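Based on the provided sequences and hints, a complete structural model is requested.
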Amino acid sequence: MRTIARRLAFYVVTAIVAVSLDFLIPRLIPGNPVDAILSHMQGITLSRATINGLELQFGVGTKASLWSQYTHYWSTILHGNLGTSISNGFVPVTTVIRGALPWTLGLVGVSTVISFVLGTGIGVLVAWRRGSWLDNLLPVVTFFQAAPYFFIAFLAVDLFAIKLGWFPAEGAHQNLDFAAFNWTYLSDVLDHAVLPALTIVVASAAGWIVGMRNVMLTTMDEDYVLIAAAKGLHKPRVVWYAARNAVLPSVSGFALAIGFIVSGALLTEIVFSYPGLGLLLVNAVGDNDYALLQGIFLIITFAVLAANLIADFVYVFLDPRTRQEA
Amino acid sequence: MAVSIGTEQPVGGTDPGLPGVVLTPRRVRALRLPRSGKIQAGLGLLAFFVLVAIIGPLIAPYSPDQTFANAPVPLPPSGAHLLGTTQLQQDVLSQFLVGGRSMMLVAFISGALATVLSVLIGVTAGYLGGLVDDLLSMFTNIFLVLPALPLLIIMFGFLGRSSSNDVFIIGLIISVTGWAFGARVLRAQTLSLRNRDYVDSARIVGEKWWRIIGTEILPNLTPIVATSFLFTVLYGVGTYTALAFLGLVNPNWSWGGMLFYAQNSNAEISGYWWWFVPPGLAVALLGTALVLLNFGIDEFINPRLRAAGLTGRPRRRSRPWSGRRPEFALTAVIREGSEQ
Amino acid sequence: MRPDADGHGAIQDALADLSVPAGLGEPLLEIRGLCVDYGQGDDAVHAVTGADLFLHRGEVLGLAGESGSGKSTLAMAATRLLRPPGVITGGDVLFYPGNGSAVDLLAAGFSGLRVLRWSQVSLVLQSAMNALNPVLSIRTQLTDTLAAHLPGSSRQTRRERAVELLRMVGISGDRLTSHPHELSGGMRQRVMIAMALALEPQLVIMDEPTTALDVVTQREILEELKDLRDRLGFAILFITHDLSLLIEIADSVAVMYAGRLVERAPAGALFHAPRHPYTLGLLHSFPPLHGPRVPMTGIPGSPPDLRKLPSGCVFHPRCRFAYDRCATEAPPLVFTGAGTSRLAACWKQQDDGPVPVELAAPEPAEPAGQMTEPAGPLTEAAEPSGQLTEPAGAASRVGDPPEPAQQGSTA
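Residue numbers (our numbering), protein chains in the order written: chain A, 36 to 361; chain B, 104 to 443; chain C, 1410 to 1820.
Take these hints with a grain of salt, some might be off.
Stated by the list, open to error - To give an idea of the chain A side of the interface with chain B (calculated C-beta under 7 Å), a few residues: (1) Phe-186; (2) Val-320; (3) Ile-335.
Unchecked claim - Derived SDA-like pairs (lysine to any residue); straight-line CA-CA distance at most 20 Å: (4) Lys-270/A with Val-1624/C; (5) Lys-270/A with Pro-1560/C; (6) Lys-1635/C with Val-1624/C.
Because the hints were derived from the structure by calculation, they are not lab data.
Values in this document were obtained by computation on a predicted structure and should not be read as measured data.
Here a beta-carbon is modelled for each residue, glycine too, at the ideal position from N, C-alpha and C.
Right, here's the structure in full:
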């Protein structure tokens, strides 16, 4: 468990760095963010209090020292206050994010799991049946790995939603005002989730397919796989023994992958007008809603760190060599 | 490429334990890349895009901002507009040809800068070890874990769209988020090289550290630096496209920018495929070219992958069992004179 | 199976169903004329050429040779476990499970082989660290093969069998939950041996099983092996480059060179009275630990390129007894005389001329079979090695006057 403790400490440090970056960036980049906000809000006059709040948030024109601003920033964060969203009716940022977060979490979470399982599974197959037609999958897979998420999303919408009409092209559900746990609602949600999820899976599975294939090829040369076959074990079992080892680098590489997948998922959400963080993000950019941008950055970072921690747990579970036993 | 963070070994083709031919600078020059189908395809595609970047703006039929006939919707491809028009009745082909240049510039600038950073940080950490290594590793890991796009979004968000027109600034900021992966791989490799006998003997003899790094270590890192460079260029391509798509950098003119406009006009919902397919496909193909090149180099480094049969046509005489691949744990029995 | 309280009995019954015990000394494995190449076409490496090897029930056959001599390749190919680009290009391999039938291993398919594997023939490799799956517990690795071959067995029965197997090699049962990286090198090797005996096979192929261990552990494991074999009666194909180990444990020894079998004899006879020039050279490549100092001879030259084997006898370029026939015709592996089981592939033994005195030492007085006293303390040997004290007979030193035979010092 020492490994986990070390990783946890590292994530805490990273979270601190993220908050600090959130604090520093508006102050380091040339220009006055408050002015930018004000100039964007033509026709709307803000109260003096609001403007003061903004200046405090971004460190504009304030006489407090950098350090005291920093500590003040930390105290607001720790109180759960991420600022006010000016483009969403001046409600707290946390409220806005809370509305969108479940959609993103659900979509990304489910898609990532499917992608990992499918990707590593196909990778094992391609490696095991080397020299077969499956090898021709690899260039196709390469293409999808390189294509931007939103381009695949475009194709998905154009093909499956518009031309074939199988799935809806946007949104997460019909405009029902309530979310009821009945079948109509759930099936509607699923219906709307298929294309975005498909996009994410297609774009991200490629990395795991190729990675798993490469590691499997090396693993299959190991003595213990030969012994497994020599033991007269059935073939699926032999494959399992090899895959069980080969999957480890993919799990530890999950940390890098999840960052990219989340980024890609945000872009996908935009194309599908899915009411998650992605849509919030692009609107915030357009409206210069800096507080919302900062808030989204923090939440996404924390979510990615949490996912990493889960991956670390899974790795320790899968690889007995990492367990420090007395 | 598979990446391992839990272990120290770079996975997926860079095996520091390879029975190494010591790549002295003289021998590096004599190295030629094998004629692999992958490398050739990758290079070919890449060359095509470089060409587009260079001569694109010169051969574009119209100016990209120029608007034409007053129609309410984008027009499909026709004689006058080979790739159709946009919502504002601008020529898609011209936008496409002009847009390639900024893409290539940003991608290569960010790739080059990120590679320089990763070499500096990774090799230093690996070579010096100790506290410096611990600090640099922590620094690298933090940047590795922090999700890149959200970080870039707030950086560019505060920077403002107008001031981020300069390809160099864009490339620089992108490179700040893209160096960490390469640094980690290079550090691992440097660590293993540093403990090799010939480096030890150079140290004992009293060679200056910069000479050791320059003549013993860096040449052996060449394949990894090449892979890392390609990877960061690929990252630059994707990231720049995404940033333009989000409207964080000036969309005029880049492929990501075209997609930004297309998205704003709901091109995909309305079926205006000629507007988003060319730029999207171009980005995908450019990315594919880089990935292919990377595969090719990976296979060059790790012969096991090559033997698994992905490298195009067989160079040697064909194997007698080319119809049936050998089964696992069942040694093939091919007697003289029999057909299998 | 009888639902016994005694798990041992249940497994034993099941194992008894798997193989019918037959008489000791009867044929178990016959390899005839086996040819194995790596790769194909002009670049093919001829790893094994025309190998004949016969193994009998309960026999410990040592297979000795330098690296590259093809000994591992031979064993792996015979059991169809050789990896690509290895290809079998000729010969026959017959296995006799003991119920009167013969199984053609080269014609069998995967499922046919699967039934035989481990229940009849098992494998022990050089490095247990590599041969044991790092992410699985010892218990899983001991019981998975039981489950595969005895589908009717219960988890509890299998677990008890696993404990029994560990105890057989001197490891306590609470190690079942450990993983390979938690055990010492010697323990891991013992686990591998226990694993190999899980189904009480007829034949255990051991490929350099002790090479990676220190000398003391090596010794312990060899003793345990001998003990296990006496108890359970399985045959062993013991592959090694270290001839000194074979003195300890082998009944017969076969020597390979450049992919060919060149000699086979009972162990004592081979060490004291070699019949093939290569064996002779091997035995004299290292000085003995005891006795007077003598000049080393060694073998001039180096092993041939396996893609371009010499014509005729593969050893002839390095053999000081070679004459013109050796360069043109390859000598067959034949008995060296009437009434003897010894085989040698050498024209000097087979043609009408006189046999050189070095190759015609009298057979030793001890009965053919495993020597009960080790000839001397084992030392770490590089290859090729043959650590002996004084071999009896005039053939021991070239050019020296005959010396009285002196036995090893341990008693």
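Each hint, compared with the structure:
no., hint, result
1, Phe-186, "3 Å, holds"
2, Val-320, "6 Å, holds"
3, Ile-335, "5 Å, holds"
4, Lys-270/A with Val-1624/C, "38 Å, violated"
5, Lys-270/A with Pro-1560/C, "15 Å, holds"
6, Lys-1635/C with Val-1624/C, "17 Å, holds"
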